[in-house]
Amino acid sequence: DQQVKQNSPSLSVQEGRISILNCDYTNSMFDYFLWYKKYPAEGPTFLISISSIKDKNEDGRFTVFLNKSAKHLSLHIVPSQPGDSAVYFCAASEFGNEKLTFGTGTRLTIIP
Amino acid sequence: DAMVIQNPRYQVTQFGKPVTLSCSQTLNHNVMYWYQQKSSQAPKLLFHYYDKDFNNEADTPDNFQSRRPNTSFCFLDIRSPGLGDAAMYLCATSRDEGPKVNEQFFGPGTRLTVL
Numbered sequence: 001d002q003q004v005k006q007n008s009p010s011l012s013v014q015e016g017r018i019s020i021l022n023c024d025y026t027n028s029m030f031d032y033f034l035w036y037k038k039y040p041a042e043g044p045t046f047l048i049s050i051s052s053i054k055d056k057n058e059d060g061r062f063t064v065f066l067n068k069s070a071k072h073l074s075l076h077i078v079p080s081q082p083g084d085s086a087v088y089f090c091a092a093s094e095f096g097n098e099k100l101t102f103g104t105g106t107r108l109t110i111i112p
Numbered sequence: 001d002a003m004v005i006q007n008p009r010y011q012v013t014q015f016g017k018p019v020t021l022s023c024s025q026t027l028n029h030n031v032m033y034w035y036q037q038k039s040s041q042a043p044k045l046l047f048h049y050y051d052k053d054f055n056n057e058a059d060t061p062d063n064f065q066s067r068r069p070n071t072s073f074c075f076l077d078i079r080s081p082g083l084g085d086a087a088m089y090l091c092a093t094s095r096d097e098g099p100k101v102n103e104q105f106f107g108p109g110t111r112l113t114v115l
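Protein sequence lines, in the order shown, are assigned to chains A and B. When you line the first sequence up against this note's numbering, it's residues 1 to 112, in that order. When you line the second sequence up against this note's numbering, it's residues 1 to 115, in that order.
Isolated chain A (complex conformation) (with noise of 0.2 Å):
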C-alpha cells in the first residue's frame, strides 16, 4: 500500500524551461510535504517543504504546490539548470509524527 506516489519515473526537460514534478498522496492525515533532491553515491538531501495549511511555497527557483482536494502537490523549478539534474523524492509525515513516507521518485535530467 503505497501513500506516496510519484508516477513519473523519469522527465527530461531543456535547459532554461519549467521543470514540474508531481507527487500524489492517499493518507489524509498527512499534514506535511517535503521534497528531497538526490545525486547519485548521495543522500537525499532537503529541497523545500509545505504544510497543509498553505498551498504555496516558494524558495528562489523552487515553488511546491499543494492541492489537499486532490491530494497532489507538485515541485516546479524555473528555469531548470543542468545541476538540477537528480533524482526528486517527494516525502509526507503526520502532524506530531516524525516519521516521512517517501515516494519512489522521479528522475529529473536537464538537457543542455
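Treat the hints as calculated values from the structure; they're not laboratory data. Don't take each hint at face value.
[As the list claims (entries may be wrong)] Which residues of chain A face chain B? A few of them, derived with a C-beta cut under 7 Å, are: (1) Y32; (2) E98; (3) T104.
[Stated by the list, open to error] Cross-link-like lysine-lysine pairs, in silico, DSS-like; alpha carbons within 25 Å at most: (4) B:K100 / A:K54; (5) A:K56 / A:K71; (6) B:K17 / B:K38; (7) B:K38 / A:K5; (8) B:K44 / A:K71; (9) B:K17 / A:K99; (10) A:K99 / B:K100; (11) A:K5 / B:K44; (12) A:K71 / A:K99; (13) A:K5 / A:K56; (14) A:K68 / A:K5; (15) A:K5 / A:K71.
Cβ atoms here follow ideal geometry from the backbone N, Cα and C, with glycine treated the same way.
Got chain A sorted already, so can you dock chain B onto it with the hints?
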C-alpha cells in the same frame, strides 16, 4: 560543517555473515533513523530512535537490529544477511522540536552487497 557520516560507504559481506553499519552525526539531533532503499524504490524506514527510545517498524525483519550508545552514534546490525538484504542503507537525523521537526538530514548511505 555539521553533518551525518556513514561508514563504510561500501560494504561487501557473505551470505549469513553478520555485518554492522555505522552512522554518526554532529548535528546534535535527538532523533536518528535507519532506512533501506532498493533500486527504483522508496526509502523504507526500518526503525528510529527518539533519543534513547527505540521504535521498530512493524514489518522490519528480526534480522535487523540497532544500537544507539549515545546521541552521536547509531549502528545497524544485520545478523544473517540474505541476498534480499542487498540495498543502500541510509541514516538520517532530525530535531525533536521546533518548526522544522519533520526535516530529516541524510548521510551519504552505505551500499551493501551480499555474495
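Verification of the supplied hints:
With 7 Å as the threshold, the beta carbon of Y32 of chain A comes within range of chain B, its nearest partner Cβ sitting at about 5 Å, so the hint holds. For E98 of chain A, the interface hint holds, the least distance from its beta-carbon to any beta-carbon of chain B being 6 Å, beneath 7 Å. Evaluation of the T104 of chain A hint against chain B yields a held restraint, the C-beta minimum of about 5 Å falling below 7 Å. Straight-line distance between C-alpha atoms of K100 of chain B and K54 of chain A comes to about 15 Å, which keeps the hinted pair within the 25 Å bound.
Taken as a hint, the K56 of chain A and K71 of chain A pair is honoured in the structure, with Cα atoms around 14 Å apart against an allowance of 25 Å. With a CA separation close to 20 Å, the supplied pair K17 of chain B and K38 of chain B stays within the 25 Å bound. Between K38 of chain B and K5 of chain A the alpha-carbon distance is near 16 Å, which keeps this suggested pair within the 25 Å criterion. For the suggested pair K44 of chain B and K71 of chain A, the alpha carbons sit about 21 Å apart, so the restraint of at most 25 Å is met.
The straight-line distance between the Cα atoms of K17 of chain B and K99 of chain A is roughly 30 Å, outside the 25 Å bound, and the hint therefore fails. Proximity of K99 of chain A to K100 of chain B is assessed by CA-CA distance (about 13 Å); at most 25 Å being required, the pair is judged to hold. Between K5 of chain A and K44 of chain B, the direct Cα distance comes to roughly 14 Å. Compliance with the 25 Å bound is thereby established for this hinted pair. Using a Cα cut-off of 25 Å, the hinted pair K71 of chain A and K99 of chain A holds, with the two alpha carbons roughly 19 Å apart.
Simply put, K5 of chain A and K56 of chain A have alpha-carbon atoms about 20 Å apart, close enough for the 25 Å limit, and the pair holds. In summary, the hint linking K68 of chain A to K5 of chain A is supported, as the alpha carbons are separated by about 15 Å, within the 25 Å threshold. Only pairs whose Cα atoms come within 25 Å are accepted, and K5 of chain A paired with K71 of chain A is accepted, the gap being roughly 11 Å.
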